[in-house]
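Colleague: Each chain is listed here by its residues.
Protein chains: 2
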Amino acid sequence: MTKVNPLRSLAFLLASAVACLAAGPDLMPLPAQYEARAGRLVIDGAFRVKVSGYTEPRLTRAAARTVDRLFKQTGIPTPQAAAAGPATLLIECKGPSKPIQTLGEDESYTLEVDPTQARLSAANPLGVLRGLETFLQLVDQDGNGLGVPAVSIHDQPRFPWRGVSFDVSRHWIPLDIVKRTLDAMGAVKMNVYHWHLSDDQGFRVESKRYPKLTSLGSDGHFYTQAQVREVIAYAHELGIRVVPEFDVPGHTTAWLAAYPELGTVPGPYEIERKWGIFDPVLDPSKEIVYQFLDNLFGEMTRLFDDAYFHIGGDEVEGKQWQASARVQAFMKKEGLKDNHELQRYFSRRVQAIVQKHGKRTEGWDEILDPHLPKDIVIQSWRGQKSLGVAVQQGYSGLLSAGYYLDLMQTAEFHYLTDPINEDTRTLTAEQQSRILGGEATMWVEMVSTQNVEARVWPRAAVVAERLWSPQSVRDVRSMYARLETMSRRLELLGLPHRQTYRLMVERLAGGEPVGPVKALADIVEPVKIYARSDSGKYTQFTPLNRLVDTALPESDAARNFRYAVADKDWKTVRSTLEHWRAAAAAVRPTLEKNGLLLEARPIADHWARTAEIGLEAVEFAASGRTAPSGWAGPRLAALDEAAKPVAETLLMAAPGVRALVELAAGGSK
Amino acid sequence: MTKVNPLRSLAFLLASAVACLAAGPDLMPLPAQYEARAGRLVIDGAFRVKVSGYTEPRLTRAAARTVDRLFKQTGIPTPQAAAAGPATLLIECKGPSKPIQTLGEDESYTLEVDPTQARLSAANPLGVLRGLETFLQLVDQDGNGLGVPAVSIHDQPRFPWRGVSFDVSRHWIPLDIVKRTLDAMGAVKMNVYHWHLSDDQGFRVESKRYPKLTSLGSDGHFYTQAQVREVIAYAHELGIRVVPEFDVPGHTTAWLAAYPELGTVPGPYEIERKWGIFDPVLDPSKEIVYQFLDNLFGEMTRLFDDAYFHIGGDEVEGKQWQASARVQAFMKKEGLKDNHELQRYFSRRVQAIVQKHGKRTEGWDEILDPHLPKDIVIQSWRGQKSLGVAVQQGYSGLLSAGYYLDLMQTAEFHYLTDPINEDTRTLTAEQQSRILGGEATMWVEMVSTQNVEARVWPRAAVVAERLWSPQSVRDVRSMYARLETMSRRLELLGLPHRQTYRLMVERLAGGEPVGPVKALADIVEPVKIYARSDSGKYTQFTPLNRLVDTALPESDAARNFRYAVADKDWKTVRSTLEHWRAAAAAVRPTLEKNGLLLEARPIADHWARTAEIGLEAVEFAASGRTAPSGWAGPRLAALDEAAKPVAETLLMAAPGVRALVELAAGGSK
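So the sequence lines, in the order shown, correspond to chains A and B. The opening position of the first sequence corresponds to residue 534 in this note's numbering, with each subsequent residue numbered one higher. The opening position of the second sequence corresponds to residue 534 in this note's numbering, with each subsequent residue numbered one higher.
Please keep in mind that the hints were generated in silico from the structure rather than gathered at the bench. Any given hint could be a false lead.
Same chains, same names: a pair is fine if it fits in one copy or spans any two.
[What the hints assert, rightly or not] With a straight-line cut-off of 25 Å between C-alpha atoms, the simulated PhoX-like cross-links for lysine-lysine are:
#1 Lys1061 with Lys918
#2 Lys865 with Lys1126
#3 Lys807 with Lys907
#4 Lys1070 with Lys605
#5 Lys865 with Lys583
#6 Lys712 with Lys1101
#7 Lys712 with Lys605
#8 Lys1126 with Lys866
#9 Lys605 with Lys807
#10 Lys605 with Lys1126
#11 Lys918 with Lys866
#12 Lys712 with Lys741
#13 Lys819 with Lys1104
#14 Lys583 with Lys1101
#15 Lys807 with Lys1070
#16 Lys583 with Lys866
#17 Lys907 with Lys918
#18 Lys807 with Lys889
#19 Lys631 with Lys745
#20 Lys1061 with Lys712
#21 Lys631 with Lys870
#22 Lys631 with Lys583
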């Protein structure tokens, strides 16, 4: 007994679970076609990469970056100069990409690896960039050491628009996090960084024409135009487009703090510190508003090189419009019968401005309007049905509903959300072709610079796979196994998402033992959807240093336990439950001592009780005996109690144990 | 039984060990005077820092940095603008420091914390910088949350020269690692960054006068003069002097690859790729050598602002001098009877050049020469005796012997090495006053950019404490407990030393379970002193990705086990041994599968056997029964076997179990 007991630690379990599930190519996203071949290409100090055919500085830099990353992955210094002979990795690029990356450019590539060489060929540098990520993901270890298994890969994306939409207004997101986000996006073959640059809580980009936007609207936290150019250039190196969003006419409190004359009410306005949907809104009846937007967007469309320009348009309630005699008179004059028509009027004017400056308009569902030109793109936060309406009207669209990383949903949920579902499957092929892809979104009300990356990564990678890989790729367990590897790869790439989790756990522990606090943080999840931000308790200045801020969006420990129950792996089930019971007891004194953890005391009690119930239940389930009638009832009630939010977290041990109890109870309750 | 077993994981043990030992102020280095007071200063969003009295940009930036770091530590956003009322932290600075930091400037400070305010006062900005680090280290958590305990601290350093000597030649150390090293040095109140910029394997700083030094002598890995200025400015912000070393006349192969005419033999020379002491040496008989050094050192003394300039002078065997008719004739002419006198001649000429350029000379023991002016500083790699000789002759000196971080010795060994020991205690007070302090050294033959920081930190912090805190501060267990906290603080500061360890462990594990591989890496240490570099197997291009490269210099797990044995904490001893036995079994299959770990297979067998022996022994020891005679012998023999190096690592489980066996065997063998 004692011999194997120490093995029964969650660390070991997790690790084993990961290992045994990681069958098949450990790649993310999975390629369109993958064929294993015999043999293996050795990676050693003689590694050499060569670019043949068409080349450009971006390609040679990408090759050099690949060598650096190969060193990070393998620890093998690869002194290019020193290495002679044929290239280990031969890059064959047929021609250039567009100078400014455009929607729908060819990203396909072919990667052929045999024991003598890896050959990566693509029509243009974009395909090469995608293929290099695949090559780096293929590097692994066998009995002889580090290398790449022989393989033939033919790969291209399912959708041409695969993005991350990142709010940098509600909390300030510094440049280094922006760049790391781009690094990670490149690693999972995403190609659009949607930069949500303004909102009620801050205007985050320098305007030389309207400097008060940042001097009065940003608390000094904004990107200079030089930094914006730096980000665009950095993204271009990785084959990523940068689409800016300036959200109008709502979500503009920070604008109005700087230029109140643009508002529907006189003001004065202050930068919004809370979260939610607010009344301040631009006044569509004022010509100066359109002049302002013409000047500002003129400046911004010159700064941002992408063909698309996002004008937001979401969540306008228009209370102030209704209360404004001026606006009401204007509506009457223009024959606009309600706020909806007024916003349509506004959107049309703004779209014309964007068009005048040579860009295509992107906006949220709300801007949809049959009178707009068909070249606009609708980003749908409402869902596939709304997306279907847009493409039926001849517009193009993106799905973001179901990809909101800030809502603390599972990777599985995001992974199985497909732009083509029962609502869109019935569209014509031509209509479906206008569904361009999707964007994972990160809204930053409830995150700080310390935990935001642990909220975006690694989960965004499963959205990347959904949008790149064939629709048939849907094996959830395979996804989770590969996601664990991907998470490690991202940390090797420089993302600190796993490190910051440990640092925040250690902060909670203070001088007390870290192990039990880590076990607690590992088994809880933050409450879901808008439970926190709707509470109204939070502002831009609220400390985000609690258990709920530390806990990851999804508990691996809880999921692995649920899998063990489903698999009737009673050994794992028992040892996990024993570990939980012990950890719940071990963490209790720390919860008493640490101010940051006092609120979590009830969780330890629920956790201990949940483990006890599970240990009773597994004896029935494992033996195949059905629990006596009346046994399950009170226990399920206790589990319902344990499953309720405490300190804005959910004890994720409860659902798995509930399944176990139901198993133990058989039909009877 | 099962109830507590999962608790018996090393993670829990370590964490507990740390917690229960961290009594007293959890500061490193410990202050000269510390007096706890009643009450506590709360840290919340209203935190505000104010600089009163003398101020300068460096101080206001330090205050701002303190606010940022406080956020990192606490997660509490501290919007200075928003905060009103009196300062939470009041900085009272009496006057300026010297524009260029000098040896022996006042670094003392007083920190008074009461429940209403923290007051930090110092004679100059240097003292403020030291005090700010103490303030940040005081922030902790109690039942009410985050704050600083009320305290009265009067603090000043024991020695004025507390440095890290960092070789950036043998392996290239990029700028970001240099800066992080400075950050960490500042955090532990060190004040000299000794930059070993040239050696046989590379010349690492741009010379505009002699560009071939880097174009032919650096593989393109060098710091531009702009970067050097950046580092000096960065160090100045942290109150750290930057002393450059250009090692002559030996250790100059990279120079000679660029300018062979300076050599004793004609050449041609190539950058050295191996490790050791090599024959190439400057020719002291050539006037062009002194002209070259005059020009180069003229350029470098203008680039580096510190008053001291390090000329190396170590490890010259002079074989080429003996073989050179030219040099022999020169020695005869000058009446120099041996290589030793020839080097003294050379040193005198070079010292005169350094002096002419307005700097004081620093060098290793070998330059010691009664004829040199008394303002030079000897850095002793030979030890306190050699140091004593120097100060007796009227020179000043630093200790580095005993502080070589690259030799993989314990923190305890470095911690207990004191510049004032039996060899120097007998010196007069006046002589002792010329012992300026010491420098931890990091020679980088056997490290890469991936593991170098985990080899320097956190151990360098114990050298910092030795040189800052009173000599009487020598409690080793307290040191280890505080070192664990310090290690976490350093990671919060941005050092990746714990993260890189985990990433390297994960690389070793490949697709296999990480837990057992981590347990293995946790219990081994690299072989000590020069066992590796003397093997001759290694070059600049050798992969450093093995278990020996991953393992930390000192095994916390092994040390905590030895402590448990010494404390007769049989519960911990048993559970650790059980964990080891299980982990040794669990890791075995991975060692078979992974090429990088094949060499470690014997370790798993020794480890399992060691655990078995320990489990037998603890039954005797715990029960107080003495093991039958004849029992211990074969087991001690097995432990001797287990203690032998395998794959250049040492199984550190063996010594603790040996102590246990001897305990069990009582007198009998």
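Colleague: Now tell me, hint by hint, if it's right for this structure.
Modeller: Results for each hint:
1. Lys1061 with Lys918: So lysine 1061 and lysine 918 pass the 25 Å test inside one copy only (23 Å; across, 67 Å).
2. Lys865 with Lys1126: neither (65 Å within a copy, 78 Å between copies)
3. Lys807 with Lys907: Neither: 37 Å inside a chain and 67 Å across chains, both beyond 25 Å.
4. Lys1070 with Lys605: between (43 Å within a copy, 22 Å between copies)
5. Lys865 with Lys583: neither (68 Å within a copy, 57 Å between copies)
6. Lys712 with Lys1101: Cα proximity of lysine 712 and lysine 1101: none, with 44 Å in one copy and 53 Å across.
7. Lys712 with Lys605: both (18 Å within a copy, 20 Å between copies)
8. Lys1126 with Lys866: neither (67 Å within a copy, 79 Å between copies)
9. Lys605 with Lys807: Between copies only: 22 Å across, 42 Å inside.
10. Lys605 with Lys1126: between (41 Å within a copy, 22 Å between copies)
11. Lys918 with Lys866: neither (34 Å within a copy, 98 Å between copies)
12. Lys712 with Lys741: within (24 Å within a copy, 34 Å between copies)
13. Lys819 with Lys1104: This pair counts as neither: shortest intra-copy Cα distance 71 Å, inter-copy 78 Å.
14. Lys583 with Lys1101: For lysine 583 and lysine 1101, neither the intra-copy (51 Å) nor the inter-copy (62 Å) Cα distance is at most 25 Å.
15. Lys807 with Lys1070: Within one copy only: 8 Å inside a chain, 63 Å across chains, cut-off 25 Å.
16. Lys583 with Lys866: Neither, since 67 Å and 58 Å both go past 25 Å.
17. Lys907 with Lys918: within (19 Å within a copy, 86 Å between copies)
18. Lys807 with Lys889: Neither: 35 Å inside a chain and 65 Å across chains, both beyond 25 Å.
19. Lys631 with Lys745: For lysine 631 and lysine 745, neither the intra-copy (36 Å) nor the inter-copy (40 Å) Cα distance is at most 25 Å.
20. Lys1061 with Lys712: neither (28 Å within a copy, 40 Å between copies)
21. Lys631 with Lys870: neither (45 Å within a copy, 74 Å between copies)
22. Lys631 with Lys583: Result: close within a single copy only, 22 Å intra versus 53 Å inter.
Hint compliance for this structure: hints 2, 3, 5, 6, 8, 11, 13, 14, 16, 18, 19, 20, 21 are not met, and every other hint is.
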